[in-house]
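Enquirer: Sequence:
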Amino acid sequence: MTTTVGELKGEARVLVRAGEIGAALSAYDHILAHNPLDYGCRLKVADMLARLGDAGGAGALYRALALHNLRAGHAAPALVACKELERLGQPTDDIVGELAATYAQGAPALAKFAARQAPVDDGARVPRPDLTGSEPVAAVAQRARARALDFSVYTGYPQQFLPLAFLSELPATVFPPVIRALKLQRLGDGDLVIREGEPGVAFYLVGGGQVRVFATDSLGRQTERARLHEAALFGEMSLLTAQPRTASVQVIGDADIIEVGRDALAALAAEIPTLGAALDRFARERLLKNLLATSPLFKPFNRQQQMDLVRRFDGHEARPRGLAGPTARRRGVRRDVADQQPADVGQRARRAPVDDPVPGTRLLSAAGASVAGDPPLLRGAERAARGGVAAGARRQRAGRRGGRRWGARRADTDLSRAAGIFARVARRRLRA
Numbered sequence: 063m064t065t066t067v068g069e070l071k072g073e074a075r076v077l078v079r080a081g082e083i084g085a086a087l088s089a090y091d092h093i094l095a096h097n098p099l100d101y102g103c104r105l106k107v108a109d110m111l112a113r114l115g116d117a118g119g120a121g122a123l124y125r126a127l128a129l130h131n132l133r134a135g136h137a138a139p140a141l142v143a144c145k146e147l148e149r150l151g152q153p154t155d156d157i158v159g160e161l162a163a164t165y166a167q168g169a170p171a172l173a174k175f176a177a178r179q180a181p182v183d184d185g186a187r188v189p190r191p192d193l194t195g196s197e198p199v200a201a202v203a204q205r206a207r208a209r210a211l212d213f214s215v216y217t218g219y220p221q222q223f224l225p226l227a228f229l230s231e232l233p234a235t236v237f238p239p240v241i242r243a244l245k246l247q248r249l250g251d252g253d254l255v256i257r258e259g260e261p262g263v264a265f266y267l268v269g270g271g272q273v274r275v276f277a278t279d280s281l282g283r284q285t286e287r288a289r290l291h292e293a294a295l296f297g298e299m300s301l302l303t304a305q306p307r308t309a310s311v312q313v314i315g316d317a318d319i320i321e322v323g324r325d326a327l328a329a330l331a332a333e334i335p336t337l338g339a340a341l342d343r344f345a346r347e348r349l350l351k352n353l354l355a356t357s358p359l360f361k362p363f364n365r366q367q368q369m370d371l372v373r374r375f376d377g378h379e380a381r382p383r384g385l386a387g388p389t390a391r392r393r394g395v396r397r398d399v400a401d402q403q404p405a406d407v408g409q410r411a412r413r414a415p416v417d418d419p420v421p422g423t424r425l426l427s428a429a430g431a432s433v434a435g436d437p438p439l440l441r442g443a444e445r446a447a448r449g450g451v452a453a454g455a456r457r458q459r460a461g462r463r464g465g466r467r468w469g470a471r472r473a474d475t476d477l478s479r480a481a482g483i484f485a486r487v488a489r490r491r492l493r494a
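Quick note: the sequence shown uses this note's numbering, first residue 63, plus one each step.
Rather than coming from a laboratory, the hints here were simulated on the basis of the structure. Be a bit skeptical, because a hint or two may be false.
Straight-line C-alpha distance at most 35 Å; calculated DSBU-like pairs for lysine-lysine [claimed, not checked]:
(1) Lys-351 - Lys-245
(2) Lys-174 - Lys-361
(3) Lys-361 - Lys-351
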């Protein structure tokens, strides 16, 4: 009689909730015996050993897993094992140091493309084990620990690794304190990581398992938007823009979630100036990627052209009209973009104060578009991200003269015209 790996893992979760730790450990050991590449089951074995009070065996396995996973290209699961070691009160300096050397910004092993182990097939069939608890728990624990510590099935490690979202934006000098500031959540089936409508106070990295992203309409109907797996980053846009969460994220099966909190980062940035610069760069890049996916300005371009355009964006400091300080420079299509008079991309436009009510806003500008403000990642919700095109001031005046409804129609018209002009001028520039 057989069952699938996924079904057996589900049975193990039920056994854990019922307090049958020995039977659950036997299930995970059985899976590992038939699929020794399942590094997630190795982590579960360590969890079961910790629940049984074998702190020494659990610690040895967490350490071995952390080092194995980071060398195998699975940095997020390595972080999970590292944080579990911290919970046991064991030192992690060697693991954090190797993580920084391998995955920090500028690490020589980082690459755009890298090979690593394919995800485990939870649909694979395995013989059904005996989970009645007839075998002594101590014997099961000894066998499972020995099997989980045996990595001989792995014949070698890759030489190149994929960057880890957010963390690979950090220089090696700030990597260790940030790792220690991360929080680990071990969540079960159906648990909510974030809830739609709530304020964003953190963003998250999937350390293992699976979550689903869904939105709920006014009638209570749910629309699933995506499913996220190991190393996926989510929740950052609400934090960066200081807007409420636009979707909920719920665990499927079980998942390990790594939390990056704003307050923790703010405290670290106050002590480490280079961290603030790294966070600013991360925020700009995430906002630009979101802009690529949502703005009509970029829809006429293919992926390569979009990336070429993004590389032309610069950051500028701006203050409200009437305050002394830096001003925003718009490059490329000038303010007369709203009047359908394109200028050559790359031509320097005149300096002009920006009508922005938020003090100290950083603008991202390229080809005539002021696209986003400085995210309140470290400063709180009062500095919301802002967006628009070069015709934004004109749209505001139109709304005040003719009422909100007419102004909204005019705004749509201006945006459509600006998008068309932007596309034509940018295409000429890309061909040049």
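Enquirer: If a hint holds in the structure, say so; if it doesn't, say that too.
Expert: A quick look at each hint next to the structure:
{"no.": "1", "hint": "Lys-351 - Lys-245", "verdict": "holds (26 Å)"}
{"no.": "2", "hint": "Lys-174 - Lys-361", "verdict": "holds (24 Å)"}
{"no.": "3", "hint": "Lys-361 - Lys-351", "verdict": "holds (13 Å)"}
In summary, the structure agrees with every hint in the numbered list given earlier.
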